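Asks: Given only the sequences and the hints, what does the whole structure look like? Please build it.
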Amino acid sequence: MEIWNRHFECMDRNELKQVQNERLRETVERVYFNVPYYRHKMQEAGLGPENINSIDDLSKLPFTIKNDLRENYPFGLFAVPMSEIVRVHASSGTTGKPTVVGYTRNDIAIWSEVMARTLTSAGATRNDFIQIAYGYGLFTGGLGLHYGGEKIGASVIPISGGNTTRQIQLMHDFGSTVLACTPSYALYLSEAIQESGINRDDLKLRVGVFGAEPWTENMRREIEEKLRIKAIDIYGLSEVIGPGVASECMEQNGLHINEDHFIPEIINPDSLEVLPEGSVGELVFTTITKEGLPLIRYRTRDLTRLSFEKCRCGRTMVRMDKCLGRSDDMLIIRGVNLFPSQVESILLEMSEIKPHYQLIVDRVNNLDTLELKVEVEEEFFLDKISQLESLRQKIQNNLENALGLSIKVTLVEPKVIERSEGKSKHVIDNRKF
Amino acid sequence: MIIHQLSVFLENKSGRLTEVLEVLGKENIRITALSVADTSEFGILRLIVSDPEKAKGLLKEQSFTVNLTEVISVIVPDEAKHYAKILRILSDLDISVEYTYAFSSGKKSVIILRCSNPDDAIKALKEHELELMKASDLYKI
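Protein chains in written order, with my numbering: chain F, 1 to 433; chain D, 1001 to 1141.
Among the hints, a few may not be true.
Claimed, not checked - Ranges of calculated distance between the beta carbons of each label pair, as one might list FRET restraints:
hint, chain 1, residue 1, chain 2, residue 2, range
1, F, LYS394, D, SER1116, 20 to 26 Å
2, D, ASP1119, F, LYS394, 28 to 34 Å
3, D, ALA1080, F, ARG431, 53 to 59 Å
4, F, ASN218, D, PHE1103, 57 to 63 Å
5, D, THR1018, F, GLY197, 45 to 51 Å
6, F, ASN397, D, LYS1081, 41 to 47 Å
Hints in this document: simulated from the structure, not taken from any laboratory.
Just so we're clear, the structure is a prediction, and the values are computed from it rather than from any experiment.
We put the CB at the ideal spot given by N, CA and C, even for glycine.
Replies: Put into structure tokens, the structure is as follows:
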């Protein structure tokens, strides 16, 4: 079994703890002296860097949430001057503003390192052809996999998302051996391949690294059967670094977290207390090597549990279960984050409608679909088909531009949308994973 | 001369039109004329009824989105050339007709028109000695 960085990935846990202690101390100093937001929060809690000596002191530190990034949009939480930032990425925020993250040259090197570990744990080497069908751009998926692929010396095909016909053709012509995309797209591809007339035997696919959205063991089996590959789960979030925070090994029994860079905790999302090993709770990360945007106790809102038991692969890094739930209302549609409150704030900006709406999420032919039903109120009801139609189109355009997702907007009669106890049910998710 | 036509927003779901008609039927509202403009997504039901204000209230109670739209009504012999004449008069004066529908009663046709400018339309048609119906007469049919 190939391991990219034995020194760290198989480190004795006592030694690892010393590494973490030292890196945590450095990070706390870095944020205390360079990020006013963190300095204030620590001072409010009566803390200085001298109070944090080891990871046992982690629970003394304040949490960071997505809203803190939003309130300090765009670069307020960066710990270095912008001249040191060589890359920015962005993902969806809870309302209109995206969540912005930044990387120094060193951070990019760290990111490439953890991605190299991710790809290696899936068995990828310099002899592989990696087809990266994650989106390239502000989203961290495409470029994250890209730098990891180059780091291990593989041949990277930066095809990005979409254009399924071309994906299949190049997969065949170039002989791709590793596939990187969302799990639902992998299923979609598997059926497109069957319909394309290209024989699966003529494809060289061997393994896939899939993430950016939740997926079950059932889906994994289906992908493995249909594509005849091994399907490896990878996990990350742009605030922590992007993909590369954790990944499964060939045992497919939990995702190893790169603890020498990101310290995980599991908390009770309501009481905020830290929970013992094995308890299901909200995953929290503290970055201990990032320079550009170090984060202290960042609440991911993902629900999972940790296991420190040594893995058969030889890695000593703690494992987390597949994430299957969230402790907030965020949706993931085709790998893209969506908060219902974003939709609401976009509708509120339009004076022609009232935000009486419902979002319906479904999965058709393995692809997530999104429909928005908007009630037509009397004062906005125009007796002209073309005007109603252009209103409908305008709502659709505004949403698609803001969310980066294609969405179908349907006008409906008032009171169609269920209200229970005066509160409208804004989201219906019909997907069953 | 201004007729108040009922306009009702309908989702493209089966049973919606039936429900509107049942609501009106219960209170014995009579329907003089009816048309449906539709897209694949939704439709607008347009009705000339015996009591438009009452009908509007009834439908609103049932949570329908309703409005009253101003239209005009012309009565002519039921030959196509007369219909064409009306439209020619209006188009010559650049009065745009958003939509129109018609029905026959005996040897006469009643033409309903939604114009961008109803007052100008009424004036133009009167000048050509065309007979415009009063609302009260139309609702009685």
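Asks: Each hint needs a verdict: does it hold in this structure or not?
Replies: Hint by hint, here is what the structure shows:
LYS394 (chain F) and SER1116 (chain D) have their C-beta atoms about 22 Å apart, which keeps the hinted 20 to 26 Å range intact. Distance hint check for ASP1119 (chain D) and LYS394 (chain F): the Cβ-Cβ separation is about 31 Å, which falls inside the suggested range of 28 to 34 Å. Separated by about 55 Å at the C-beta atoms, ALA1080 (chain D) and ARG431 (chain F) satisfy the suggested range of 53 to 59 Å. Hint check: ASN218 (chain F) to PHE1103 (chain D), Cβ distance near 59 Å, so the stated range 57 to 63 Å holds.
Range check, THR1018 (chain D) to GLY197 (chain F): Cβ separation about 47 Å, and the 45 to 51 Å hint holds. A beta carbon spacing of about 45 Å between ASN397 (chain F) and LYS1081 (chain D) agrees with the range 41 to 47 Å that was offered as a hint.
In summary, the structure agrees with every hint in the numbered list given earlier.
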